[in-house]
Structures are given as C-alpha cells and as structure tokens.
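Undergrad: Generate coordinates for the entire structure from the input sequences, incorporating the hints supplied.
Line by line, the protein sequences are chains P and A.
Position 77 of the first sequence, counting from 1, maps to 139 under the working numbering, and the rest follow consecutively.
Position 179 of the second sequence, counting from 1, maps to 180 under the working numbering, and the rest follow consecutively.
Note that these hints are calculated values from the structure, not bench results.
Built from N, CA and C at the ideal position, the CB exists for glycine as well.
Check each hint, because a few of them may be wrong.
Partial list, derived from the structure: chain A residues whose beta carbon lies under 7 Å from chain P [stated by the list, open to error]:
(1) V83
(2) F85
(3) T116
(4) F124
(5) P129
(6) F183
(7) A212
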Amino acid sequence: MLETLCYEEKDALLQNSHPAAVMLFLAVLFFQALLFAHPLYLMGIFIIIILAVVVSGAYEKCEPYLAMSLWVAVLLVIVNTLFVHTGQTVIWRSPVLPVLGRLDISLEAICYGAVMGVRFLIVLLAFALYNAVVHPDKIMSVFSRFAFKSALVLSLSTRMLPAVARDLTNVMEVQQMRGVQFGTGNLRERLRKYSWLLEVILISSLEGSLQIAEAMQARAFGSGPRSRYQRFPVRPRDGIIGLASILSVTLAVYAKARGFADYVYYPQLGTLAGNFPALVWPGLIALALLPVVLMGWGWRHCLSWRSKI
Amino acid sequence: MPASQNNIPVRLLLFLSLAIAMIALLLWKYRTLLIQDWGLTATLLIVLALLFLYLGFERSAVSVREIGVIAVLATVAAVARVPFAVIPGVQPTTFLVIVSGFVFGPRAGFMVGATAALVSNLFLGQGPWTPFQMLVWGLVGVSAGFLGLLAPRTGRIGMSIFSLVWGYLFGWLMNLWFWACFVQPLTWQTFLATYAASFIFDTLHASGNIALYMILGPQVVKVLKRFQRKLVFTITPTNP
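TA: This is the structure:
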C-alpha cells in the first residue's frame, strides 16, 4: 500500500506539462466548485473535469471517489430533511416518529443534496487528478525555488517512506518468527504489540536520519549559496493551459459578482435558466477550459500535435 | 534551535494578534459576500495559515541534522497510519506528532505534522482532506511544541490529557470545513448534527491517543531527547 506512489506514468498531456500550469488548472477547477452553488455552473465544471480525467487515463484511480461523494449526497439529503423544514414541494410525508416528529422529504432537500454531492465530487476529482498527473518530485522541484528547506523535508520524506514501510514489514515478520502474533489477544495486548513495532522502527529510522544528514554535509550542503537547475521548459501547451485557466476563472468571478450565478434552493427551487444572457455564462466558463481537454485528446490521438504543442 | 526561540511568548502573542486582526479585517471587508460563501473563505484562510507556517520554517536557521530528523519523524508518522488501522481509532500519527513537537519545539512539530499528512496522502490518495490534515496535524505539533517550551516537565497525566483534547479537537476542526462548504443552512442544529455524526470516531481517536501515550509516551520522549542532544553538538577545532 505504501510502496508505490499513486502517480503512474501514463504518457498523458498533463503529465508532460509544466507542473505550475497543471496546478493552476486544477486550482481553478477547485475554486470554481466552491464558488458556485448553481446547478448549471457546477455541471459545466463537472463535465470538464470528467473529460480531463478520461483523457489523462486516470479513470480507475478516480472510481472510488464516486462512491464517496454519493454517500455525501445521501448524508446531506438526510441532514437537510431533518433540520430544514422550509422546503415547500413535499414528496413524501412520514408517519409521526418518536423524538423527531413528522418528517417531510422535500424536493428541495433532495436537489440540494444531489447538487452538493456533485460539488463534493468535483473537489475530490480535482485532488485525485492532481495525484494521478503530478509527480511529487516535479512539484517539489518547483517549490524548491522559494521554499527549499520545506521542499527538502518533503522530498526526503517521500523518498524514505517506501523504505520505512518495507522496514516495518521486515520488523513485523521478524517478530512473528519469534512468536508474536499480531492478530490475537485483546485490544490492550494488540496495542502493546503494535507499539513495540513503532518504537523499533522509530529508533532505527532516527539512526538513519543522522547518517543522511552527515552524507549531505559531506557533499557540502549548506556551505554557501544554493545553485539550482531548472528542468522544466515552458512550452506552448503550458501557455495554453495557463491562459485557459485564467480566462475561465476571470469569467467565473465576473459572473458571480454580477449575480448571474445566484440560485435559491429554499423555500422553493429557483428557475434554472432565467434570462438568455445569464444562461450563456456557465457554457462560456466551461468552454474556456475546453482547450486543455482537447489538447489532452490530441496528445493521444494526433501524434503530429505533440511536436507542435 | 534554542537560541532562536528565546522570546517565544512575545512572538506567540504577536503572531496571534496579527492572525486575529487579519481574520477580523477580512471578515469586515467582505462581510456581505462571506455570508453566502463561508466554504470558500474557510478554504482561503486555511491556505493562508499553511503559507505563514511554512514561511516561519523557511525563515528559521535550521541545520541539516534537524532537517534529517524532521523528515524521518514525519516519515515514521506517515507510515504508522497503515498498520495501526487494524485497531479502530488508534492514530499513531497524532501521538508521534505530539511527542516530536514536545521535544523538538513548535517549528519542528508543525513540519512533522504537515509533512506526515502530505506525504502519506501521496501514497494513500490526496483529497480535500489533505490541506486540513496538514493544518490540523501541524497545529498539534505547534501546540505540543509550546507545551514543551512552557512546561517541559509535563508528566504522563498532563500529556495524556493533552492527547485526549487533541483527539477531539482534531475531528472537530476537520468537521468545520465540511460543514462550512457543504451543509446549508449554517445553523446550530446542522452544526450539532454534523458533530454528532463524528462523535464516536472522535472518542475513539481520543482514547487511542491516551492508550498510546500511556504505553509508549515516556520511552519515546526519552529516545527523542537523546537525539536532540545529538543534534546540537558542535565540533570544536583543536587548538594548534
């Protein structure tokens, strides 16, 4: 479980772009998901992120998140049914229950729960996509420009984690050979057995940390100003991803500030499409991000694109 | 480390008042917008808080050995998330972050907590919980660090109470964002409902913390203190 990264090389466009541009793209999706509560706007962003997941070949990684957001949607419907009694379109009225009284399940509560479920799914997918397309080394190399100590701690830790996980398995096996049975005993005994494990692994790893520090010092770490080497050229694709993200977020903030994206769920669902120009905005916001998805598709299917972008 | 942390209480006060002033200012400036968009505001505040905490680490004079030890403690705290998952509620990461902060100070405590959250999620899966775990575990480390500075002789009982409190606070702080972003309307009833839903898990976490500290706490603190002494030794050149 801890021996391989979630990242997997799949030769997708987003994996071959500048990490800062990809971060910006994902941050824009995340921000817009939290900015809007209007179903149409969320739907536009949702379509974009699903397409981005598919063209990045990250679908299997994202599947578990789907079930999680379904649970959230159900939970929100329950919470809203229990505590918000202002929904006017009652679908089902329960018999009188002890403590709770009569419960009304309203269309408003169900719609709200469903839309928030979609919102939660967008947020989850933005993180899942980040996990699938950004290699931790790349992002740390970007951050090491302005925060090299923190980036160093992070990359050291990322590097060591699989090794420590293997050590832990080894120690566990050694203990099992000597008769410690981790699966048996009451809670207290089991906790004690695992605690020994923790102590052993802590002491052995700490000894290792001093060796790392000495090795770094021997290679002149911290002896003077730091030099660095930038490995990521900025290519047209990074520019397109960046521009598309900035354009989309600008449109989103404008639409929100002008009040086009306001939507009421209670006491009665608002109309989805009021007047014509207001309806165009969600489409425009999603359309601005479409070039990223198209490029991702082209990266797979039109090999001649690769050399151009 | 000790030289740069002499005037901790003054800095702490300064930092706290700055943070409060900043939040108050933001709230006042955007008061109409905020009422609709608590979720976004909460997210923004978390990102800002994390940035400032990292900035503090960046600006400190930290040695190679400290970086190594912080990275290793964070790694062990991250790895420990998996094997202990078989015992419900036991979260050794919180325990390790508390003892690291207690021994190595607030700055190291923050780094251990935040790094453990971020790095373990690189393997277990990132999600919107990542920044939150980073911040909350980071705060666990910071507070344990201040406890270590202000009351270095805190014994087994005191530390157990401290772990208990963080067991609950951890879940409560994690709930806050979910409630602000996805639950509407933001009333006392929905607040209490969200918190009631997580109460059992928080209780398990808190009792797991106490059990771990009771079993392992004093030994681990001793081990870490020994390493701390190793960290600060300096080689004095022999006289010619």
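Undergrad: Should the hint that V83 (chain A) touches chain P count as held when the rule is a Cβ pair under 7 Å?
TA: 6 Å, holds
Undergrad: Return the status of the interface hint for F183 (chain A): holds when the least beta-carbon distance to chain P is below 7 Å, violated otherwise.
TA: Where the cut-off is 7 Å and the nearest Cβ of chain P is about 5 Å from F183 (chain A), the hint holds.
Undergrad: Checking hints one by one. Is A212 (chain A) an interface residue toward chain P, by the C-beta closer than 7 Å rule?
TA: 6 Å, holds
Undergrad: Quick check on the hint: F85 (chain A) CB to chain P CB, less than 7 Å?
TA: 6 Å, holds
Undergrad: Please check whether F124 (chain A) passes as an interface residue: C-beta within 7 Å of a C-beta belonging to chain P.
TA: With a closest approach of 5 Å, the F124 (chain A) hint holds.
Undergrad: Please check whether T116 (chain A) passes as an interface residue: C-beta within 7 Å of a C-beta belonging to chain P.
TA: For T116 (chain A), the interface hint holds, since the closest Cβ of chain P sits about 5 Å away, which is under 7 Å.
Undergrad: Can we keep the P129 (chain A) interface hint, with Cβ of chain P closer than 7 Å?
TA: 5 Å, holds
In this structure, every one of the numbered hints holds.
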